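In the order they appear, the protein sequences are chains S and P. Counting in the numbering used here, the final residue of the first sequence is number 160, and the numbers go up one at a time with none missing. Counting in the numbering used here, the final residue of the second sequence is number 845, and the numbers go up one at a time with none missing.
Read the hints as simulated data drawn from the structure, not as lab findings. Incorrect hints may have been included.
Label-pair distances were calculated between CB atoms; the ranges are [what the hints assert, rightly or not]:
1) S:3 <-> P:470: 45 to 51 Å
2) S:6 <-> P:618: 53 to 59 Å
3) P:465 <-> S:3: 49 to 55 Å
4) P:752 <-> S:131: 46 to 52 Å
5) S:145 <-> P:754: 36 to 42 Å
6) S:40 <-> P:784: 29 to 35 Å
7) P:689 <-> S:6: 53 to 59 Å
8) P:618 <-> S:80: 50 to 56 Å
9) S:110 <-> P:752: 33 to 39 Å
10) P:179 <-> S:59: 39 to 45 Å
11) S:3 <-> P:456: 52 to 58 Å
12) S:128 <-> P:623: 53 to 59 Å
13) S:111 <-> P:841: 33 to 39 Å
Only a predicted model underlies this, so the values are computations on that prediction, with no experimental measurement involved. Glycine residues also receive a C-beta, built at the ideal position from the N, C-alpha and C atoms.
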Amino acid sequence: MERSDWLTAVVVILVAVLLLGSGPLAGGLLQPSGTPTTLGDGDVEVGVVDVSTTEFVLTPGRFGTAVTYLRVPDAAVQLASVTDRPRLVYRVQVPALGVDRTVSTVVTDRGQHRLHLRAQALEPGTVEEDEYTGTVRVRVQSFSTDRTLYRQDVTIEVKR
Amino acid sequence: MKLERARQNLQWPSIERVGRALFGDRIGLLLWVGLVLTFAGFWRVGFFLTDSYTVANTLVNVADGHLAITNVQYSLTLGTQPGLHQYEGVLYGRNYGQAFLALPVLWLLDAGAMVAAPRFLLLGGWTLGLLLFTRQLGILLDRRDTFAIVGGIAAVASLVIGASVATPIDDGNLALLALQLSTILVAACGGLLVYRLVDLFENGSIAIAAGVAAGLATPIGFWASLPKRHVIVAVLMIGAVYCFARSRKTGDRRFRAVAYAFAGLVAWVHAFEGFFLVATIASVDLATARTNGWRELAVVGLVLLLALSPAFATNAAISGNPMQPPRLLPGVGVGDVEFSPQGELRSGDARSDVRTSGGGEILGGDAGGGDGESKSGEAGGANGGSANDGSGGSQENHGPGIVAWLVGSLAGLAAALIGLLPQPPDTVMVILGFVISNVTDGIAVLGQSERLGHIFVRSGYIHGVDYAVNQFEAIELTVLESMPLLGALAAVPVLAGRAIRRRGRSALQWPRALAPARQTDLLIATLAIVFTVIYLSRLPVYSMLTVRYLTPIYLLGLYGVVRLTPVGDCVALAPRVLGLGYAATVGLGTIGFLAAVFLLEPALGEAVQLHAIVNLSAAGALALVVIARTLVPDRIRPSWLAGTLAVAAGLTTVYLLFAAIVYFTYGNFAFDGVRVIADMLATSV
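Same shape as in the complex, but just chain S:
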């Protein structure tokens, strides 16, 4: 065998070891064990929740999209401690516009977490006022808990 064939053989054996090692034959010795993205049990202890309430705006869509977008800032959540795998939920509601948006992330580590909500397009012709009122909530949820960490009413300015 040539040198290159040896190298190839080594990699093929490595793959085989990984595959067989992960299967029932080896009793599941090697298992995919990366950070689970599914919800679990547990709770968090919050340091600070920061949502800059002045950044809620309704602005026209760019690049020919021809709709109005509700743009909201990120929610920054400082966690003092985390047990197990709860999730943080960031929710923005604007009843007058029929908007109810949420984003969530499963957390396992303490420290800073950012929750980002994409801008939401609104049906053309629905934005008529100059100002809307919305509600912002940040919650923690798991199989064993569900409570509000932060709640704030915000004024949403319409920029035309």
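Fit chain P to the given chain S structure using the hints.
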């Protein structure tokens, strides 16, 4: 001597011979493996459009050994899903050909799951693919040792990194994995077949460029891992064209018959597209063949019948009528407008169906309960129904007169012939009526310039399209925005005009007298026209993303682009500019759009439309340069045209990458390494 040969023929074909028959040469193999690795790289395991649930359930039930849907393994909500059909109270799926295609892949995955974790099966497979790719590249470039070392290191790195961040995949997802993986394998065949087709008539470097472009510079890459039928139909169509071209070039009659086999198989995936494909190929084939002896035609007919038999058998097993595909059976539940007579009948109430089904829930959207953001792409939902109802009434009447009459009388003749068959004639008449109305309606659209502009040129927010299902995000690109390379086709009228002026009437020849390459051009052009016209009356419509109904014409159009004389000349003279220009565009384009994403913080629709504007500009520049090069070749350097081609191709690749990794987020990546990167980007988009 004869005995010797007979004994040789008896032997099993060697792996080299099988490989040669499938891939043509080492480049073909490299192309296919490379495209599979790339498509798999940005593969998301999940449902992008809701009617994929039906096809996945079809596969699950076919794997259980029956056509009826008794086991609904995949479901967004309890109850029905778009695309289900019923016959005598029993539920059936659709696209059975697609399900059967995925079946062997599912068996392999099932077998693999007995010895290894599914996630590691994917990772191991990808790693071995990478190893194969680098090894073959080393042999091709005669640098075996170097590539073995590089490939070995890359493979080990992918294995170690991938395994360290790997998360488990649910065993219940194996059918979905098989469905998506089979589409990926087929999509890569698209690149391979375009390479082999172009290689018949053009020099090698253009053929390679065309093969790569087929995968990465057309919407094929966008749909590669999304288990829709469009990629499969497009690739079978190119397969048929390839066989046709080879039969013409080599005179090998076997390939003439195999062309019909490819075409016939389409009917198993989508009966009506199959009908149009067989009809188009048959007309061009019969008009251009050197000989149409009855014996040859009998063989062709027999092969076609064999290729159609799986479709007929499936139809017969479901309803007892081989001519009645699932799409002709009554639909169930959620409104679903498809390219079928049934869709036609229901298109009136489909919109209200979509609306009343509660927007957010059935169609994806923001699933309740604070469960993250489901992006609009996922919301795509029910297949397109024509949102444009006859806005150009007056135009519809005078345009198509003679063509409609011609099509009508031809179809009448066909109806008379088919009427002789022992089939319930009402099915046949429904089908024929549908065929005729599609063609005439499509031709009528040709008179509506604004509408054509929204289909082919600039999208933006198109009035009349029901954006509600996508939460009012303008994510529907036009043909040119999806594939700016097609801008090069602007040279076609110039070239045609010049050919007629120079050679007068001798420029027009009888089809039979055309050279093999010209006959293939004729077939490609006819297919492109037919498969555009039959869908025009349904466009523009929501959930098309890259005008997916027209997916086949992207590959046909690509062939058209590389066959243009100025394009061929410039690529041959400046291959380096093409290659480096493409790499630079992908690199700089990625950086540029990342910067745009961070600085402009675009919403989904804004991001997609930003790509649309940039792509359209590239298409416009390409059109100008290619026309200039055609008119005054001395004043336009080959590198300019090669450069603009490279930019147009590269921008499509950038869009494919961003769409898969950044914009349309659903499901989970097949490879966790990609997930980690995407997660880092996701916090800012």
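Do the hints match the structure? See the list:
1. S:3 <-> P:470: 45 to 51 Å: 48 Å, holds
2. S:6 <-> P:618: 53 to 59 Å: Given a distance of about 57 Å, which is inside 53 to 59 Å, the answer is holds.
3. P:465 <-> S:3: 49 to 55 Å: 54 Å, holds
4. P:752 <-> S:131: 46 to 52 Å: 36 Å, violated
5. S:145 <-> P:754: 36 to 42 Å: For residue 145 of chain S and residue 754 of chain P the Cβ distance comes to about 38 Å; the hint holds.
6. S:40 <-> P:784: 29 to 35 Å: 58 Å, violated
7. P:689 <-> S:6: 53 to 59 Å: 56 Å, holds
8. P:618 <-> S:80: 50 to 56 Å: Check passed, 52 Å falls within 50 to 56 Å.
9. S:110 <-> P:752: 33 to 39 Å: 36 Å, holds
10. P:179 <-> S:59: 39 to 45 Å: 57 Å, violated
11. S:3 <-> P:456: 52 to 58 Å: 53 Å, holds
12. S:128 <-> P:623: 53 to 59 Å: 20 Å, violated
13. S:111 <-> P:841: 33 to 39 Å: 20 Å, violated
Checked against the numbered hints above, the structure breaks hints 4, 6, 10, 12 and 13 and satisfies the rest.
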